[in-house]
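Engineer: So the sequence lines, in the order shown, correspond to chains H and P.
If you use the numbering used here, the first sequence corresponds to residues 1 to 109, in order.
If you use the numbering used here, the second sequence corresponds to residues 1 to 159, in order.
Calculated directly from the structure, the hints in this document are not laboratory data.
Because the structure is a prediction, the values reported are computed rather than measured.
Do not rely on the hints blindly, as some may be mistaken.
Some residues of chain H that are not near chain P, with every Cβ distance over 10 Å (derived) [claimed, not checked]: (1) V7; (2) I11; (3) D13; (4) A34; (5) D35; (6) F37; (7) K104.
Pairs of lysine to aspartate or glutamate residues, derived as EDC-like cross-links and limited to a Cα-Cα distance of at most 16 Å, are as follows [said to hold, decoys possible]: (8) P/K38 / H/D13; (9) H/K101 / P/D15; (10) H/K103 / P/D48; (11) H/K104 / P/D63; (12) P/K38 / H/E97; (13) H/K49 / H/D13; (14) H/K104 / P/E19; (15) H/K71 / H/E53; (16) P/K38 / H/D94; (17) H/K103 / P/E29; (18) P/K123 / H/E97; (19) H/K103 / P/E6; (20) H/K101 / P/E19; (21) H/K103 / P/E19.
Glycine included, each C-beta is placed from N, C-alpha and C at the ideal position.
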Amino acid sequence: MEKRRDVFQAIADPTRREIIHLISGESLNLNAIADHFDSARPTISQHIKILTECGLIIIKKQGRERFCEAKLDKLQEVSSWVAQYSKAWNETIDAMENFLKNKKHGKEK
Amino acid sequence: MVKKNEDVLISRIVDAPREQVFQAWTDPEGLEQWFAPKGCTIHFKQIDIREGGTFHSCIKNPDYKDCWCVGTYLEIVKPERIVFTMVNADEKGNPLTAVEAGMDPEWPTSTTVTVTLGAIGNKTEFTLHQTVNETLAKRTGAYPSWLQMLDILEAYLRK
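Please put together the full structure from these sequences, using the hints given.
Structural biologist: Below, the structure written as structure tokens:
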């Protein structure tokens with residue numbers, strides 16, 4: 001069975017989030033990334049493989065070196081998904097209720 | 001089931017008498033204390049709460065640019081009904097199209113908000129209706145969030 005790979009799976013693991021963090025500023029080769037972690041190198045390789053399959057990393061060859069480059073625009077899917085649950089009016093009405101509650105308590109004092 | 005093409009419609013039982021809820025919606029000082037989304041504050045540059053009266057407000061979001069809005073009070077029926085328009089605007093009160101305001105292009109230039117208050121003993125049956133598609137309203141919530149995220153991302157990448 002083919003495993004589902006998407007950006008949500010990419011960021012589900014703390015090590016993968018750390019890898020994204022590491023390479024978001026500069027492209028790094030596999031050794032440099034692996035050196036940052038206590039985990040075994042194959043474990044890090046596996047995480048990078050998943051990140052690649054999820055579309056968050058592309059690997060660029062420079063001579064013998066393979067550099068991991070972050071493709072952060074993929075994270076847009078995450079922010080869009082989260083944002084659809086932002087309900088401004090509901091928050092405003094919550095604020096109104098709190099305001100009325102505080103007012104009521106203020107009067108009783 | 002969520003129906004498509006349905007306007008924003010929010011109903012709630014509020015644990016306060018409707019006179020108080022009405023007061024909260026029609027007292028400028030009160031409005032400044034609560035009439036803004038989470039994490040934001042609102043300031044009225046001008047507000048005249050009576051039928052035909054207008055307002056010019058600015059919502060400050062610490063993570064986003066100031067959001068100016070103008071509107072007209074169409075109906076004020078104490079203590080049960082408040083109807084007003086909301087139009088995106090600039091600092092001077094000139095109306096802006098959705099695109100100019102940085103919103104979803106489908107967002108209407110003007111929406112009408114109707115607040116209806118029913119009395120249930122000491123509680124209030126509160127209903128808010130805004131003349132804009134609910135799906136679109138949720139979608140536009142994405143816009144500032146997305147900008148915020150890009151800003152964070154950019155600041156982070158500059159490090």
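Engineer: Taking the hints in turn, state whether each one holds.
Structural biologist: Structure-based check of all given hints:
Annotated as non-interface, H/V7 keeps its C-beta farther than 10 Å from every C-beta of chain P; the closest such distance is 13 Å. In this structure H/I11 is separated from chain P by more than 10 Å, as the shortest Cβ-Cβ distance comes to about 13 Å. At roughly 20 Å from the closest C-beta of chain P, the C-beta of H/D13 stays outside 10 Å, upholding its exclusion from the interface. For H/A34, the shortest C-beta to C-beta distance to chain P comes to about 22 Å, beyond the 10 Å cut-off, and the non-interface label holds.
With a closest Cβ-Cβ approach of about 20 Å to chain P, H/D35 is found to remain outside the 10 Å limit, as its non-interface label requires. With a closest Cβ-Cβ approach of about 20 Å to chain P, H/F37 is found to remain outside the 10 Å limit, as its non-interface label requires. For H/K104, the non-interface assignment is contradicted: its Cβ lies about 7 Å from the closest Cβ of chain P, within the 10 Å cut-off. Taken as a hint, the P/K38 and H/D13 pair is broken in the structure, with Cα atoms around 29 Å apart against an allowance of 16 Å.
Taking the CA atoms of H/K101 and P/D15, the gap is near 8 Å; set against the 16 Å cutoff, the hint holds. The straight-line distance between the Cα atoms of H/K103 and P/D48 is roughly 23 Å, outside the 16 Å bound, and the hint therefore fails. Under the criterion of a C-alpha separation no larger than 16 Å, the hint pairing H/K104 with P/D63 is inconsistent with the structure, at around 32 Å. For the hint pairing P/K38 with H/E97, the CA-to-CA distance comes to about 13 Å; that is within 16 Å, so the pair holds.
For the suggested pair H/K49 and H/D13, the alpha carbons sit about 13 Å apart, so the restraint of at most 16 Å is met. Distance hint between H/K104 and P/E19 is fulfilled; the C-alpha atoms sit about 12 Å from each other, no more than 16 Å. Of the supplied pair hints, the one linking H/K71 and H/E53 holds, its CA atoms being roughly 12 Å apart against a limit of 16 Å. Note on P/K38 and H/D94: the hinted pairing holds, with a Cα-Cα distance of about 9 Å set against a maximum of 16 Å.
Restraint check: the Cα-Cα separation between H/K103 and P/E29 comes to about 13 Å, which is no more than 16 Å; the hinted pair holds. Of the pairs offered as hints, the one joining P/K123 and H/E97 holds, with about 11 Å between alpha carbons and a cut-off of 16 Å not exceeded. Taken as a hint, the H/K103 and P/E6 pair is broken in the structure, with Cα atoms around 34 Å apart against an allowance of 16 Å. For the hint pairing H/K101 with P/E19, the CA-to-CA distance comes to about 14 Å; that is within 16 Å, so the pair holds.
Distance hint between H/K103 and P/E19 is fulfilled; the C-alpha atoms sit about 13 Å from each other, no more than 16 Å.
Consistency with the previously given hints fails for numbers 7, 8, 10, 11 and 19, ordered from lowest to highest.
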